[in-house]
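*Asks:* So the protein sequences, as listed, match chains U, Z, V and L.
So for the first sequence, the numbering used here puts the first residue at 1; every next one is plus one.
So for the second sequence, the numbering used here puts the first residue at 1; every next one is plus one.
So for the third sequence, the numbering used here puts the first residue at 1; every next one is plus one.
So for the fourth sequence, the numbering used here puts the first residue at 1; every next one is plus one.
Since the hints were derived computationally from the structure, they do not count as laboratory data.
Predicted, not measured: the structure shown is a model, and the values here were computed from it.
Heads up, the beta-carbon is just placed ideally off N, CA and C, and yes, glycines get one too.
Watch out, some of these pointers could steer you wrong.
What the hints assert, rightly or not - Straight-line distance between alpha carbons at most 30 Å, and here's what the computed DSS-like set of lysine-lysine pairs gives: (1) V:K17 with Z:K122; (2) U:K89 with Z:K89; (3) Z:K89 with U:K123; (4) Z:K122 with U:K123; (5) Z:K89 with Z:K123; (6) Z:K122 with U:K101.
Stated by the list, open to error - Computed far set for chain L versus chain U, every beta-carbon distance over 12 Å: (7) M1; (8) F6; (9) A7; (10) E18; (11) I20; (12) T22; (13) A24; (14) R35; (15) A43; (16) F45; (17) R52; (18) D58; (19) A64; (20) S65.
One-letter residues, chain by chain:
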Amino acid sequence: MRVVVQQEPFDYGAEAAGFADGRHDMGAVVTFTGVVRDVAGGLSTMEIEHYPGMTERALEKIAQEAVDRWSLGDVLVIHRFGPMGPGEKIMMVATAARHRKDAFEAAEYLMDYLKSRAPFWKKEHAGGDASWVAARDEDEDALTRW
Amino acid sequence: MRVVVQQEPFDYGAEAAGFADGRHDMGAVVTFTGVVRDVAGGLSTMEIEHYPGMTERALEKIAQEAVDRWSLGDVLVIHRFGPMGPGEKIMMVATAARHRKDAFEAAEYLMDYLKSRAPFWKKEHAGGDASWVAARDEDEDALTRW
Amino acid sequence: MDVLYFAWVRERIGQPKERIETTATTVAELVQELRAREDRYAAAFADLSALRVAVDQDLTDFDASITGAREVAFFPPMTGG
Amino acid sequence: MDVLYFAWVRERIGQPKERIETTATTVAELVQELRAREDRYAAAFADLSALRVAVDQDLTDFDASITGAREVAFFPPMTGG
Numbered sequence: 001m002r003v004v005v006q007q008e009p010f011d012y013g014a015e016a017a018g019f020a021d022g023r024h025d026m027g028a029v030v031t032f033t034g035v036v037r038d039v040a041g042g043l044s045t046m047e048i049e050h051y052p053g054m055t056e057r058a059l060e061k062i063a064q065e066a067v068d069r070w071s072l073g074d075v076l077v078i079h080r081f082g083p084m085g086p087g088e089k090i091m092m093v094a095t096a097a098r099h100r101k102d103a104f105e106a107a108e109y110l111m112d113y114l115k116s117r118a119p120f121w122k123k124e125h126a127g128g129d130a131s132w133v134a135a136r137d138e139d140e141d142a143l144t145r146w
Numbered sequence: 001m002r003v004v005v006q007q008e009p010f011d012y013g014a015e016a017a018g019f020a021d022g023r024h025d026m027g028a029v030v031t032f033t034g035v036v037r038d039v040a041g042g043l044s045t046m047e048i049e050h051y052p053g054m055t056e057r058a059l060e061k062i063a064q065e066a067v068d069r070w071s072l073g074d075v076l077v078i079h080r081f082g083p084m085g086p087g088e089k090i091m092m093v094a095t096a097a098r099h100r101k102d103a104f105e106a107a108e109y110l111m112d113y114l115k116s117r118a119p120f121w122k123k124e125h126a127g128g129d130a131s132w133v134a135a136r137d138e139d140e141d142a143l144t145r146w
Numbered sequence: 001m002d003v004l005y006f007a008w009v010r011e012r013i014g015q016p017k018e019r020i021e022t023t024a025t026t027v028a029e030l031v032q033e034l035r036a037r038e039d040r041y042a043a044a045f046a047d048l049s050a051l052r053v054a055v056d057q058d059l060t061d062f063d064a065s066i067t068g069a070r071e072v073a074f075f076p077p078m079t080g081g
Numbered sequence: 001m002d003v004l005y006f007a008w009v010r011e012r013i014g015q016p017k018e019r020i021e022t023t024a025t026t027v028a029e030l031v032q033e034l035r036a037r038e039d040r041y042a043a044a045f046a047d048l049s050a051l052r053v054a055v056d057q058d059l060t061d062f063d064a065s066i067t068g069a070r071e072v073a074f075f076p077p078m079t080g081g
């Protein structure tokens with residue numbers, strides 16, 4: 001289990017390739033990556049604020065809950081903070097399991113809890129305007145399925 | 001949409017990193033990778049037989065169904081055939097969508113259908129013995145949820 | 001028409017492919033014809049619930065028509081992924 | 001105790017962190033005390049349903065005890081991922 005919170009970009013391809021590599025007992029690996037989205041085409045920067053200390057605690061707790069709940073060979077969570085541009089990768093999770101059901105469910109669980117329980121806040125800068133991204137009700141609702 | 005059937009290994013890290021890269025309208029990318037699993041520690045080779053022609057048709061049909069059913073920015077399916085060793089990557093799927101729900105669901109759908117509807121058969125060689133991997137009832141059952 | 005066999009069906013019958021002239025109009029009729037040929041066919045087709053069939057590279061069932069088909073393939077349930 | 005503010009709560013109050021001496025025993029009592037201070041606090045804490053609170057870096061609710069707590073943080077619903 002590895003949890004990383006950092007400002008610098010991470011190498012998604014290398015992280016994905018290295019995750020659970022050489023493990024002969026894990027048949028299924030799932031990754032999720034969150035990308036800075038700019039649907040309207042006007043976004044200049046996405047800025048992510050976080051709560052140093054609590055962020056790591058919260059992510060480790062969520063990752064540990066996934067490990068306790070599913071049969072997993074490994075878990076990885078990487079999340080950036082600070083300013084980033086459209087198309088940049090914000091974060092990733094990866095799960096390895098014997099079978100795909102555990103790997104998929106654990107990855108979705110990690111994402112659902114990370115979205116609503118880890119202390120990150122997104123601010124979008126577009127032109128001269130800046131606005132905080134509002135939490136989506138469906139993200140909070142997603143927790144009820146677990 | 002890209003569907004690849006090949007004998008050679010593929011570069012999972014490079015494929016994952018290149019998939020939907022530079023897309024500014026997709027916030028979520030999910031990948032699934034299947035790995036040759038050797039739980040007992042005696043597997044020397046996994047051999048995958050396939051049905052040339054039908055394999056590509058079946059995978060393209062499954063990928064197209066996913067594209068029709070969810071709002072996806074891109075889909076990738078790579079599946080190998082021939083002999084491979086423990087820990088080697090057999091296949092991968094990747095999905096990109098605006099939101100994570102579509103990306104996750106489409107990736108699970110691709111995997112469920114690929115497992116039971118694409119003409120691949122696994123044979124395990126361990127010591128002097130060789131045996132065909134039996135289909136699992138729960139893989140067929142998984143289709144009922146869609 | 002070409003008849004193809006994969007995985008243990010191929011091994012049991014002893015060849016991957018053969019050309020067959022038939023008057024069968026459905027997969028089930030073709031199976032009956034093959035079963036009557038030799039023991040290795042009878043063995044391979046003993047339990048149809050353990051078999052899957054594709055006509056012209058589309059998965060179908062044993063009631064399917066084969067009239068005009070170019071190829072019919074028999075194989076066990078798939079195990080990809 | 002240290003009181004921390006994040007995102008628009010931080011912007012509305014005008015600082016990320018302050019040291020507060022208080023006799024409040026719950027988060028709700030602390031909020032009442034802060035609201036009474038200045039308009040910027042009243043504005044930030046106007047709608048508690050739009051706020052979340054953590055005591056000593058654990059997410060909790062407004063009824064939670066803050067007796068002995070080292071830090072209390074207020075912020076909007078999280079939007080990571």
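*Asks:* Which of the listed hints are broken here?
*Replies:* Hints 3, 4, 8, 9, 17, 18 not satisfied by this model.
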